[in-house]
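Residue numbers (our numbering), protein chains in the order written: chain Y, 1 to 124; chain C, 1 to 449.
Misleading hints may appear alongside valid ones.
As the list claims (entries may be wrong) - Capping the alpha-carbon separation at 27 Å, the derived lysine-lysine pairs in BS3-like fashion look like this:
| id | chain 1 | residue 1 | chain 2 | residue 2 |
| --- | --- | --- | --- | --- |
| 1 | C | LYS145 | C | LYS339 |
| 2 | Y | LYS54 | C | LYS368 |
| 3 | Y | LYS54 | Y | LYS102 |
| 4 | Y | LYS34 | C | LYS145 |
| 5 | C | LYS368 | Y | LYS102 |
| 6 | Y | LYS54 | Y | LYS34 |
For the record, the hints were derived by calculation from the structure and aren't laboratory data.
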Amino acid sequence: MAAPQELQYTAEHEWILVEGDTATVGITAYAAEKLGDVVFVELPAVGTDVAEGKVVGEIESTKSVGELFAPVNGTVVEVNDDVVASPELVNSDPFGAGWLIKVTIPGAIEGLLSYDEYAALIGE
Amino acid sequence: MEHAPIPPTVKVVILRIAAKLSGRTTEGEFLKRVSSEARHTLVWLWPTKTGELMTSSDTPPAEERLSPLHQAHLDAGASFTDFAGWQMPVRYSSDLAEHHAVRTAAGLFDLSHMGEIVVIGPEAGAALDYALAGSLSAIAIDQAKYSLLLSRSGGIVDDLVVYRTGEDRFMVVANASNREVVANELRDRTAPFDAEVFDESDDIALIAVQGPASLDILRSVGAFAVEGGALDGEDFAERLAALRYYWSLPATFDQHPVLVARTGYTGEDGFELYIAPDLAPSLWNVLLQAGEAHGLVPAGLASRDTLRLEAGMPLYGHELGLELFPAQAGLGRIVNLGKEVDFVGRAASEIGPEADARVLVGLTGDGKRAARAGYEVYRTAHDSQAADSQRPIGIVTSGALSPTLGVPVAMAYVEPASAEPGTELAVDIRGTRFSYTVTALPFYSRKKN
């Protein structure tokens, strides 16, 4: 997995790693910390077409429910079964083993935030 | 520091320890010292034979309410949440770790946001018998009692723990969000009695040690002594071990007063310590250090919420509210219709709720999907066009994936016809129905020795 500085971000506190025509999506350490201990993750099935901005999954902590938004248009090609079985991976390694889904993307993605822009957004 | 003259209307409060701490100070010197320290010394709680002293500070409420332990929380890396206008720790590291620590070892909670309202006077007991749903005049000195403040129409204004700290005085502990309404109601309701009401919330901090290791941790702190007793702490350790649930022990910490009560809101053994705000940080640090070897960790409000939920304890604003009768919340026993005097809400309580009024139940699910506050309850998991399937029969008031039990648990108000334990119901969790079974509360009870 890439270092946080090399990832792109959304204002919904997701990170995106683009490799070729595949985007890997997770939530940021900031989001994981705000949620608290994640106890349940629901992800879309492989093959699902997702549309940017639409809810595709849920991340529940003991205290609250967070929605996973598709940050891009595309088709789900892989989901992280490990994180479904062990939701605490979202807290312990949000940028690595806590990744959520991989989506094939038709082309370049517009409108994502750089590391610095995201850091400014969360006030760090 | 100069002390304001004692207003004639203000009855005061002072330490019984005054004369007894001597050997090192004369009574007069001690009183002078107490006077100079009055703003940070808990001198209201228990009575003295030696006199009265004005102690209430006139500190105006801060714009942004911070606990006297705020710096300790920052140092510990806490995340904060707004709770009833207070910035309080929601967690330090992990909700789950803090929850498990309380179930298996101990947790340290800052509850300084709670309201402490002191009622003092020859008729304080009778005044509270009229103001509250229970029979408070019947409890012994040092005893505590869970009670309710009812509206005239029988609804729940707040739930309270009342401590009797002297023949003529009681401390009423209210939820932070209800502090002012409770203080005002108590003032109004006790006006006809020879008793006075003081909102001491700003001058009292509250620290809770909860969990099976609590007793050992408190016993290991050398700075505690029984109020008025020997200062070697041995007496304290013995008295603490003998202290029964819902009883309290007037004590000292570094020779300053602290009320140590065997009460709590987690379903575990534990203690709540009422102390002056200035002394709270040093008590907090001493407890953290003493507790370290026993597995104690600081614990935030997130774990407190899942702990009390597992223990089936209601939370004001969730399971309790003005529109609910105690009987609906399973608290009918708290309303003492047997007492021979009138009390606010009595007439309405005697009539009680409508026969078909919803009642509080526990719900247990399987899987991992937590029913949360506000979700609707249905009779059937099958979402069909049938009228019976479409009509909600209840609403969830609290819910989480139980950290101890590993299954989702919730409390909900449901129609009485669906309230029997074992009844299969369903909760609509964001558009999908999941099966839940009505379960007798609490979900979790500790093993008692």
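Structure versus earlier hints - violations, ascending order: Number 4 only.
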